[in-house]
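A.B. asks: Letter by letter, the chains look like this.
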Amino acid sequence: NAGVTQTPKFQVLKTGQSMTLQCAQDMNHNSMYWYRQDPGMGLRLIYYSASEGTTDKGEVPNGYNVSRLNKREFSLRLESAAPSQTSVYFCASSERGGEGVYYGYTFGSGTRLTVV
Amino acid sequence: DQQVKQNSPSLSVQEGRISILNCDYTNSMFDYFLWYKKYPAEGPTFLISISSIKDKNEDGRFTVFLNKSAKHLSLHIVPSQPGDSAVYFCAASGYSGGGADGLTFGKGTHLIIQP
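Order-wise, the sequence lines are chains A and B. Just so you know, we're using our numbering here: the first sequence kicks off at 1481 and counts up by one. Just so you know, we're using our numbering here: the second sequence kicks off at 2 and counts up by one.
These are computed hints drawn from the structure, not numbers from a lab. The structure displayed is predicted, hence computed values, not measured ones. Backbone N, C-alpha and C fix where the C-beta goes; we use that ideal spot for every residue, glycine too. Any given hint could turn out to be false.
[As the list claims (entries may be wrong)] Here are some of the chain B residues that sit facing chain A, going by a computed Cβ distance under 8 Å: (1) Pro-41; (2) Glu-43; (3) Lys-57; (4) Gly-61; (5) Pro-80; (6) Phe-90.
[What the hints assert, rightly or not] Once the Cα atoms are required to be at most 27 Å apart in a straight line, the calculated DSSO-like pairs of lysine-lysine come out as: (7) Lys-6/B x Lys-69/B; (8) Lys-72/B x Lys-6/B; (9) Lys-72/B x Lys-55/B; (10) Lys-6/B x Lys-1537/A; (11) Lys-1489/A x Lys-108/B; (12) Lys-72/B x Lys-108/B; (13) Lys-69/B x Lys-55/B; (14) Lys-108/B x Lys-1537/A; (15) Lys-55/B x Lys-108/B.
Pulled out of the complex, with its shape left as it was, chain A reads as follows (with noise of 0.2 Å):
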C-alpha cells in the first residue's frame, strides 16, 4: 500500500544511548517531516526536509539530527537519548504546488520510544 512506512515501532533506550528512526515514502513527495508526540501537546515539528538535499529546524530541534537519504527516505537521529525524549514519533510526507495549492499531507503509523 502506497504511504509513509517508520521503523521501527516500538523501541527502548537506556539514557545515553543512540538510534536512528527510519522513515521512507513512496508517493513521490518532495518534502518530508518528523514530528513528536507528547500527551496534552499536539503534534510538534522536530526537522523538515523541504526537498532532498535540504533539512531546516522545526519547534523542537534540541537533541535530534536528520538524513535526507534520497528523495524517499528521512532519517531522524537520536545520539545520546535521554527521558525527555519518551514520546511517540511520526514522520510525514506531503506536496505543494504553491499558495494555497496542496497535495496531501501523509503521516506514518508512528514510533513509540521510552527512555529509562
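Once you have looked at the hints, place chain B on chain A.
C.D. replies: Just chain B, lined up with the frame of chain A:
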C-alpha cells in the same frame, strides 16, 4: 505562544447529533487549514482541508468552515457516528515560498460519541 488553539480538550455528543469542533489561530500568514483524526496507536489520518480563499468545504458528513476575520475554523460532523470517536487535530500551514512548511498543530479535541 500557541498559534493554533483547540480550547476544548474533550467533547461528548450523542449518536446522530451534530458534532462541532472549534479551532482558533493567531498567525495571519496561515493560508491552508487541515483537520486530522487520530485513533490510539495510529498515525493521524487526513480528514478535510480548506484553503484561505474559501469559507466552506464539504466532504460527505464533514464540513469545515473558515472565518478569516475572526481567525476561526470549525469542523461539523453530521450525523455523528460511533466510529467518529477519536482525537481530532486542527492544523495550519503557511506558504513561505520554499515549497515545504511543517504544519502547526493544535493540542487536539477528544470527541466521544455516545450511543
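A.B. asks: Now look at each hint and say whether the structure bears it out.
C.D. replies: Results of checking the hints against the structure:
A least Cβ separation of about 10 Å between Pro-41/B and chain A goes past the 8 Å threshold, and the interface hint is therefore violated. Satisfaction of the interface hint for Glu-43/B is found here, the shortest Cβ-Cβ separation to chain A being roughly 6 Å, below the 8 Å cut-off. Evaluation of the Lys-57/B hint against chain A yields a violated restraint, the C-beta minimum of about 15 Å exceeding 8 Å. At a threshold of 8 Å, the smallest CB-CB gap from Gly-61/B to chain A is about 18 Å, leaving the interface hint violated.
A cut of 8 Å between beta carbons decides the hint on Pro-80/B: the least distance to chain A is about 27 Å, and the hint is violated. Because the closest C-beta pair between Phe-90/B and chain A is about 6 Å apart, less than 8 Å, the hint holds. Our distance criterion of 27 Å between C-alpha atoms is met by Lys-6/B and Lys-69/B, whose separation comes to about 15 Å. With a C-alpha separation of about 11 Å, the suggested pair Lys-72/B and Lys-6/B falls inside the 27 Å cut-off, and the hint holds.
Between the alpha carbons of Lys-72/B and Lys-55/B the distance comes to roughly 13 Å, so the proposed pair stays at or under 27 Å and holds. Under the criterion of a C-alpha separation no larger than 27 Å, the hint pairing Lys-6/B with Lys-1537/A is consistent with the structure, at around 22 Å. The suggested pairing of Lys-1489/A with Lys-108/B holds, with an alpha-carbon distance near 23 Å, which does not exceed 27 Å. With a C-alpha separation of about 17 Å, the suggested pair Lys-72/B and Lys-108/B falls inside the 27 Å cut-off, and the hint holds.
Under the criterion of a C-alpha separation no larger than 27 Å, the hint pairing Lys-69/B with Lys-55/B is consistent with the structure, at around 9 Å. For the given pair, Lys-108/B sits about 21 Å from Lys-1537/A by alpha-carbon distance, which is consistent with the 27 Å threshold. Proximity of Lys-55/B to Lys-108/B is assessed by CA-CA distance (about 24 Å); at most 27 Å being required, the pair is judged to hold.
Hint compliance for this structure: hints 1, 3, 4, 5 are broken, all remaining hints hold.
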